[in-house]
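Asker: As you go down the protein sequences, you meet chains W, A, B and P in turn.
Here my numbering runs 4 ahead of the position in the first sequence, where the first position is 1.
Here my numbering runs 4 ahead of the position in the second sequence, where the first position is 1.
Here my numbering runs 4 ahead of the position in the third sequence, where the first position is 1.
Here my numbering runs 4 ahead of the position in the fourth sequence, where the first position is 1.
Just so you know, the hints here were simulated from the structure itself, not pulled from any lab data.
One thing to keep in mind: the hints can contain errors.
Note: identical chains are not told apart, hence a pair may lie in one copy or across any two.
[To be verified] Here are the computed lysine-lysine pairs in the DSS-like style, where the Cα-Cα straight-line distance is at most 25 Å: (1) Lys363 / Lys150; (2) Lys316 / Lys369; (3) Lys64 / Lys363; (4) Lys25 / Lys369; (5) Lys369 / Lys180; (6) Lys363 / Lys312; (7) Lys369 / Lys189; (8) Lys316 / Lys363; (9) Lys79 / Lys150; (10) Lys64 / Lys180; (11) Lys316 / Lys180; (12) Lys25 / Lys64; (13) Lys180 / Lys150; (14) Lys316 / Lys79; (15) Lys369 / Lys151; (16) Lys316 / Lys213; (17) Lys150 / Lys213; (18) Lys363 / Lys151; (19) Lys147 / Lys369; (20) Lys189 / Lys213; (21) Lys213 / Lys180; (22) Lys25 / Lys180; (23) Lys213 / Lys363; (24) Lys151 / Lys64; (25) Lys363 / Lys79; (26) Lys25 / Lys147.
Number of protein chains: 4
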Amino acid sequence: MSGSTFGNKFKITTWGESHGKALGVVVDGCPAGLPLTEDDIQVYLNRRRPGFSQFSTPRKESDQVEILSGVFEGKTTGTPISLMVRNTSQRSGDYGDIATYYRPGHADYTFDQKYGFRDYRGGGRSSGRETIGRVAAGAIAAKILKKLNISFTTYVSSIGDIVSDPADFDADYISKNELNMPDAKSCEAASAYLSDIMAQNDSIGSTVKCIVSGVPAGLGDPVFDKLDANLAKALMSIGAVKAVEIGDGVMVSENTGSYDNDGFHIENGIVAKTSNHAGGILGGVSDGSDLLLTCHFKATPSIACTQKTINKSGENIDVSIRGRHDPIIGPRAVVVVESMAAITIVNALFDNMSARMDKLVEFYK
Amino acid sequence: MSGSTFGNKFKITTWGESHGKALGVVVDGCPAGLPLTEDDIQVYLNRRRPGFSQFSTPRKESDQVEILSGVFEGKTTGTPISLMVRNTSQRSGDYGDIATYYRPGHADYTFDQKYGFRDYRGGGRSSGRETIGRVAAGAIAAKILKKLNISFTTYVSSIGDIVSDPADFDADYISKNELNMPDAKSCEAASAYLSDIMAQNDSIGSTVKCIVSGVPAGLGDPVFDKLDANLAKALMSIGAVKAVEIGDGVMVSENTGSYDNDGFHIENGIVAKTSNHAGGILGGVSDGSDLLLTCHFKATPSIACTQKTINKSGENIDVSIRGRHDPIIGPRAVVVVESMAAITIVNALFDNMSARMDKLVEFYK
Amino acid sequence: MSGSTFGNKFKITTWGESHGKALGVVVDGCPAGLPLTEDDIQVYLNRRRPGFSQFSTPRKESDQVEILSGVFEGKTTGTPISLMVRNTSQRSGDYGDIATYYRPGHADYTFDQKYGFRDYRGGGRSSGRETIGRVAAGAIAAKILKKLNISFTTYVSSIGDIVSDPADFDADYISKNELNMPDAKSCEAASAYLSDIMAQNDSIGSTVKCIVSGVPAGLGDPVFDKLDANLAKALMSIGAVKAVEIGDGVMVSENTGSYDNDGFHIENGIVAKTSNHAGGILGGVSDGSDLLLTCHFKATPSIACTQKTINKSGENIDVSIRGRHDPIIGPRAVVVVESMAAITIVNALFDNMSARMDKLVEFYK
Amino acid sequence: MSGSTFGNKFKITTWGESHGKALGVVVDGCPAGLPLTEDDIQVYLNRRRPGFSQFSTPRKESDQVEILSGVFEGKTTGTPISLMVRNTSQRSGDYGDIATYYRPGHADYTFDQKYGFRDYRGGGRSSGRETIGRVAAGAIAAKILKKLNISFTTYVSSIGDIVSDPADFDADYISKNELNMPDAKSCEAASAYLSDIMAQNDSIGSTVKCIVSGVPAGLGDPVFDKLDANLAKALMSIGAVKAVEIGDGVMVSENTGSYDNDGFHIENGIVAKTSNHAGGILGGVSDGSDLLLTCHFKATPSIACTQKTINKSGENIDVSIRGRHDPIIGPRAVVVVESMAAITIVNALFDNMSARMDKLVEFYK
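This is chain W alone, in the form it adopts within the complex (with noise of 0.2 Å):
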């Protein structure tokens, strides 16, 4: 693998360092015909973009996308997309020194043992900004997603040991508040500690929950290419991500059978689910019923408090990282989520036409 393409027939290759030019994605295999413009794409890339909570890194980014390819009067034309965004607030000085040492937590030390020294300007490819490329083509995705009637809400639902209460739940308010939390009650108790765990110089890990509505029965492919296989590695390749949960997650470790499996009735004439304990997928295909995907963030790495670390030389040294770092990922990382959820989904939705001979026979009629 090359490693920087994702999917099989709805395929997104994304490029670009912290502090290169410009990032970017190239999307290929986007049916044609889907309307299509720059705001589309910025709406999303503005959910991510930094510099604009109190909770985030003061490194500010207008993060202006240009569709440079793929886009013919206002619509998709069904060759590759390729997007750019230009990078306009680097401050490689920042990083200087991060040069001669690695960083805990950090991929400097991996990258330099792979490829045998690293573009260490902020990061490089292994930076945040790398979703750049994610999230813009998320938009996309999301777009041919809501015209299947497929919709998402994904949020924060905790902050280290803040844990939004479901019984709070309210969707509406998910979008109002720096936190991209689902209720006022724990926002306000996660903003009190995470102003002071800016205080500590320490920063904080966070969970983001993402539902999928509107998913028909039948994605996933057994036995490899499941639905939450497929979404798992989607969700893992994202920096900071731990842990990746379907429906119960780990709590299924401890449950029995009997509380475990999800009942079928029909209801209104309709097949139903009396639980969701599954997620929506049983035996890696969908089941109609809404995803529930979880992912857990680490703290973000960089933090000023005093770490122990090496440098290059070998010798054992003391740091505290500089420069302009957000206290938590959660927060601008649940679009990124929901964008590799739906590039994810997409791609199953595609790989799931040749599934049976009477529906080729009737597509090619």
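Since the structure of chain W is provided, determine the placement of chains A, B and P on it from the hints.
Answerer: Same frame as chain W, now just chains A, B and P:
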């Protein structure tokens, strides 16, 4: 995707159903010159074989493997290795009535939705017997890794709420008990608990942990083919897995950066980490320390107690699943987890070979 | 790449060696609901079966296929179809001495260079028997295509310098002669010529043409996965093929644009082309007219007359290849060409399904 | 497939249309540590640049490349290299009427059939300008190969029925004439012939040959990813190529085995072949001798003389294509052929690294 192929260079394609004639796998991309016998593979298959524990299905299968191609004079030739296991103990009669309804927690409903009908005998392709191909291929992958001094310690770390205490960990004990737990205390508690669960016609969830030692630094390709992303897909593709964790996993969302970051230091002239919260992977690339993987398995969905479901005529019915079923998945899945991890790591090793110009020039000198 | 898998959605993985236990193929991605029996496949295998013509190897193999998975109650299930043919007439003794030297025109030297050693029995994996898997899979592909009214006319159009005159073309005659030529005149001339070649302990080249009718317009993906590009790969991957032509093929380099361009016109209300120099493909996408494919096969490299070569000790030696060999490849390769074309077209049909938003929305309505 | 990505390990994804904002390519999987500048790439782009020969389109484009990512301090980092060329000389007005009808020999009709509509400006994605991305990527591939002492000699061997006589071959002459022919005699004859063709408002076909020297033995993966199969796909994917030959190509169907087989012998202690009819590939694997590749290009389909076609209203009409067109494709395609061959060989080199256990163990020691 067509779903039954995994891996980019060390590519495995599995086939077969629970009650078909046979199951198997084609392993393509195995390097030439690896000594390989049917015994090498049988040892792995025996670790997942049913019928030999009080806590597994009474269906007895000898699961004898046959090497059909790719090995000549005791060594792999570099061409596809075809491995087959004949089914011998099919009792399809057990499953006749399953054709008419959808078992909760199973893929019955979703396969029908996807394909229009299904092989209902024992779950067909969605059965756990599908993992025979994975394990046969995993035996080859593990043998390759052994030549590179990469080894595995895989075990059941929890059953229901019985959790093995790390303080009691004894690697040698794992293969000495039917539950593949790493200490006598938790094993005994779990055995009693399991007997109780079985008496209630119920089943229970479990957790499998896999530690991989000796993995060189540098494996994994940013940004989508991160080592952890590919491992997450590999493990989530195993039936009944609902959560995958790397290193501290879900706990990272509760912790601070100052806790989460693993400090580097020089120890006896070698780079070492003070802790391994990251589970051996930073920025998607291995850092040379142990890989720490955790999978959460739901309880076996086939249970004899009464459940609500629907039949194909769209009527609400009560069912009780008869047949020969395991009350727990983890113990027999240990070798499946190990196999999927091994196959993923072999692919990462191969993919990494072209990462650097200097090594490329050296290779072809 | 690992080399033995072809196709992105209708994915075939072949395995097996000339003198191993068996050969076979796993077909993954076949739509569910296609009626399929062993007879359907046997008919195709019989077309390439050795030992039944005076112009083929006297090695007699029944080449009986066994369906091991993926078919239930007479229909494909959408899961992998595993097909196997046991070798029964191995006479490895014939090949013992081949281990010590490199046969001219064969893969002996290159396999040794690549893998360090080789299965020398009958060429191992490089044998023409490898095509059994292709043909078994091709039978399934062709059956899918038949449901879509896509059909094949495939034949030997030349043997040495005996070329079938298009004016004499008789499609019905193809299956009625051992050489699969399309007219009695060229067939008789070629038979006499071949007898002469065989008397000289020599072999001869040949050309196979394949016409595919009923292909809908719109198949093929610009720019690398053009339909002709994928067909070229498919056909060039057949052993002994050294040139592939689409439409007028090599002649286009001699012709003018005014000759080469196929004019469009409306005929009985339908779009038609005045000529078909392009062979049914424009810009890599099918145009609705017949696909015209031509493959050039070199002479069988195994010949009994004396040749210069070297042995593994690096000495210059003279060899004369004994054993059971065909004096010509084309006639038995007709069904292989047809199979590879069919598999490629099935993949193009599947890939094309997600090309347009309107059809996607319609599909999932 | 999504069509615009080529290669498994050294993976290129091209994008852009003839009259869009820009064209480009993302090269993923380039090894780290290769010195790379925009000049390295510009040299290749200049070889295909339009407007600088009396036998090419008068459309003048500077085709200046910009490296947007993947290079740091003058060296590749191992992460994606994004390359972009802005279009500057679009004159879409030339193409307005093309929107209403289908040009013979072009992709107009097939793109409309596939996608429902098309970017008609200059052929959009089906334009020859699409090859900019291929050539930019090819420059990188060729630089990698140069480090391994693999080199190319690529030229126009025929134009219409003017064929360069091998006896006159002069490699140095190729880059010294606008037609990239290898001898003055054929070049002069072809120039006169071309002028005549142009005077008739017509165009003409041509042949490009590519010789690759220094390729190590052992590249290519049996059975579908044979080196020649992947080369055939790479070359046939170039617009206007209608036939691909390896070694003797179409001539093999006329020859005997005793002629066709290349004998081996030891020459100065090294394995040599007495002839190279096979074009450097046996059984799909390179044999260490020169690769001999031939592509046949049809005449440029855009011609000013009158042609029959239909418009989108389904009426039969006469058209004469105005605009700025090349009267021949071969001379500017030489560098495209070379690029596609280089990219294919780099992939084969990378894929081959994991072919043997002994080399794998050595690599990771």
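Asker: Please work out whether the CA atoms of Lys25 and Lys180 approach to 25 Å or closer within one copy, between two copies, in both situations, or in neither?
Answerer: neither (33 Å within a copy, 37 Å between copies)
Asker: Which holds for Lys369 with Lys189 at a C-alpha limit of 25 Å: within a copy, between copies, both or neither?
Answerer: neither (56 Å within a copy, 40 Å between copies)
Asker: State whether the alpha carbon distance between Lys64 and Lys363 is at most 25 Å within one copy, between copies, both, or neither.
Answerer: neither (50 Å within a copy, 40 Å between copies)
Asker: Checking an output row: Lys369 and Lys180, CA cutoff 25 Å. Within, between, both or neither?
Answerer: Neither way: Lys369 and Lys180 sit 49 Å apart in one copy and 33 Å across, limit 25 Å.
Asker: Regarding Lys150 and Lys213, is the shortest C-alpha distance of 25 Å or less found within a copy, between copies, in both, or in neither?
Answerer: Result: close within a single copy only, 19 Å intra versus 39 Å inter.
Asker: Classify it for me, Lys316 with Lys213: is the Cα-Cα distance of at most 25 Å met within a copy, between copies, both or neither?
Answerer: neither (39 Å within a copy, 34 Å between copies)
Asker: Within, between, both or neither: how does the pair Lys316, Lys79 come out at a Cα-Cα threshold of 25 Å?
Answerer: between (51 Å within a copy, 19 Å between copies)
Asker: Is it within, between, both, or neither for Lys189 and Lys213, if the alpha carbons may be no more than 25 Å apart?
Answerer: Result: close within a single copy only, 18 Å intra versus 36 Å inter.
Asker: If the cutoff is 25 Å on CA atoms, where do Lys25 and Lys369 land: within, between, both or neither? Let me know, please.
Answerer: Close neither inside one copy (49 Å) nor across copies (36 Å); limit 25 Å.
Asker: Using 25 Å as the alpha carbon limit, work out where Lys64 and Lys180 are close: within a copy, between copies, both or neither.
Answerer: within (20 Å within a copy, 52 Å between copies)
Asker: How would you classify Lys316 and Lys369 at a CA-CA limit of 25 Å: within, between, both, or neither?
Answerer: between (65 Å within a copy, 22 Å between copies)
Asker: If the cut is 25 Å between Cα atoms, do Lys213 and Lys180 qualify within a copy, between copies, both or neither?
Answerer: Cα proximity of Lys213 and Lys180: one copy only (17 Å, versus 40 Å across).
Hints 3, 4, 5, 6, 7, 11, 16, 22, 23 and 24 from the list above are not met by this structure, while the remaining hints are.
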